[in-house]
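K.L.:
Sequence:
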Amino acid sequence: MDKRIKIMLFSIVSIVLLIIVIAVTPEIVKYMDENRAVAIVNGEKITKKEFAINYKSQINYYGLDKAFLSQKVGDKTYEQQIKEDILDSLILRQIELQQARKRNITLTSAEKKAIDQQIEQYKSDSQSGAEFKQYLQTIGATENDFKDQVIKSQIISKLYDEVTKSQKASDAEIESYYNSHKSDFVEVKASHILFKVNDSKEETAKKKKAEEVLQMIKSGQSFEKLAQKYSEDETTKQKGGDLGYFRKGQMVKEFEDAAFSLNIGEVSNVVKTSYGFHIIKVADKKQLSLNDVKDEIKSTVESQKKDEYYKSLIEKWKKEAKIKKFENVLKSVSI
1 MDKRIKIMLF SIVSIVLLII VIAVTPEIVK YMDENRAVAI VNGEKITKKE
51 FAINYKSQIN YYGLDKAFLS QKVGDKTYEQ QIKEDILDSL ILRQIELQQA
101 RKRNITLTSA EKKAIDQQIE QYKSDSQSGA EFKQYLQTIG ATENDFKDQV
151 IKSQIISKLY DEVTKSQKAS DAEIESYYNS HKSDFVEVKA SHILFKVNDS
201 KEETAKKKKA EEVLQMIKSG QSFEKLAQKY SEDETTKQKG GDLGYFRKGQ
251 MVKEFEDAAF SLNIGEVSNV VKTSYGFHII KVADKKQLSL NDVKDEIKST
301 VESQKKDEYY KSLIEKWKKE AKIKKFENVL KSVSI
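Under the working numbering, the letters of the sequence shown match residues 1 to 335, in that order.
Since the hints were derived computationally from the structure, they do not count as laboratory data. Be aware that one or more of the hints could be misleading.
Claimed, not checked - Taking CB as the label site, the calculated pair distances span: (1) 205 x 312: 33 to 43 Å; (2) 261 x 148: 44 to 54 Å; (3) 323 x 104: 37 to 47 Å; (4) 274 x 158: 36 to 46 Å; (5) 73 x 285: 23 to 33 Å; (6) 257 x 66: 39 to 49 Å; (7) 232 x 307: 20 to 30 Å; (8) 142 x 89: 17 to 27 Å; (9) 106 x 274: 43 to 53 Å; (10) 304 x 115: 24 to 34 Å; (11) 303 x 106: 18 to 28 Å; (12) 202 x 228: 16 to 26 Å; (13) 261 x 137: 50 to 60 Å.
Claimed, not checked - For lysine-lysine, the following DSS-like pairs were computed, each having C-alpha atoms within a straight-line distance of at most 25 Å: (14) 331 x 316; (15) 158 x 237; (16) 45 x 189; (17) 306 x 158; (18) 305 x 165; (19) 196 x 182; (20) 305 x 168; (21) 45 x 322; (22) 182 x 206; (23) 225 x 237; (24) 316 x 182; (25) 102 x 113; (26) 272 x 239; (27) 49 x 272; (28) 229 x 207; (29) 49 x 306; (30) 316 x 168; (31) 306 x 102; (32) 237 x 248; (33) 272 x 158; (34) 207 x 253; (35) 113 x 123; (36) 165 x 196; (37) 133 x 123; (38) 306 x 324; (39) 229 x 196; (40) 49 x 152.
Every residue, glycine too, gets a C-beta built ideally from N, C-alpha and C.
Please model the complete structure; the sequences and the hints are all you need to start from.
P.N.:
Written out as structure tokens, the structure reads:
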């Protein structure tokens, strides 16, 4: 081959290679930057990209902006504090994933398939699909990044179940819990007459009407008949306002406080809640027995024991872990 032709071909190849390098350089630089470590946990890297996805996800969830993030909380800005909290949570997650790996805890093919199906179902809906796509763009994540987050979350859930399965509630613990929480296991059977307040302009008139109906009750008129006539709770009015039995925590606080303070047969004064104004009558009140609530207490006690035990394991794992943070990389992440 002629020397000049060789030189020409070499030049062409060089130019093509240069064009390719120029074209891919931004992607290479981006890849290298995203894969820098914000922390190393027992020799495993938490990448800048993974941190940024979690950081932007939280910023997006709470609708925070740069003005808010720049404000001070103590000797730090909100941005610094949020970043530190998220990094700590990712470090903890990495430790948990490492502990899961030691115990050969993974997702089954069926569990992974269920995640895929859930994502596909989400994407197939026109509204949620568009929202999902926008969400991924906002936090700088791909669909695979999102899937990876879900998988990790489920593996940690399985780790929790595995290491805490021995934490059981004894009969003595169940009985002790019952005896120290007896007031939580009281049921009240009550009826009410509701005067709904949909607008603040209605408040004065509705309260006045409630007071008038209360006077009718005090004068001896039937609570049940007045409920059928005046109550604006369409679900209960035809039953004379009967709400059935309920326990603490099932009604709004103002209603609950009034109902549990009444004796059987007593009628409350007018009670204001977020729904409007109520007149309440207690028909029955009873203490549930230990046998009535034994399964519920067992679940509560075991849940508490599992949480406490898992927390102690977390503290142990953290103390044993070798952790290195890279503050300069953390600072380079922005919204």
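K.L.:
Against the structure shown, which of the earlier numbered hints fail to hold, in ascending order?
P.N.:
Checked against the structure, the hints that fail are numbers 1, 3, 5, 7, 14, 15, 16, 19, 22, 24, 27, 29, 33, 36 and 38, while the rest are satisfied.
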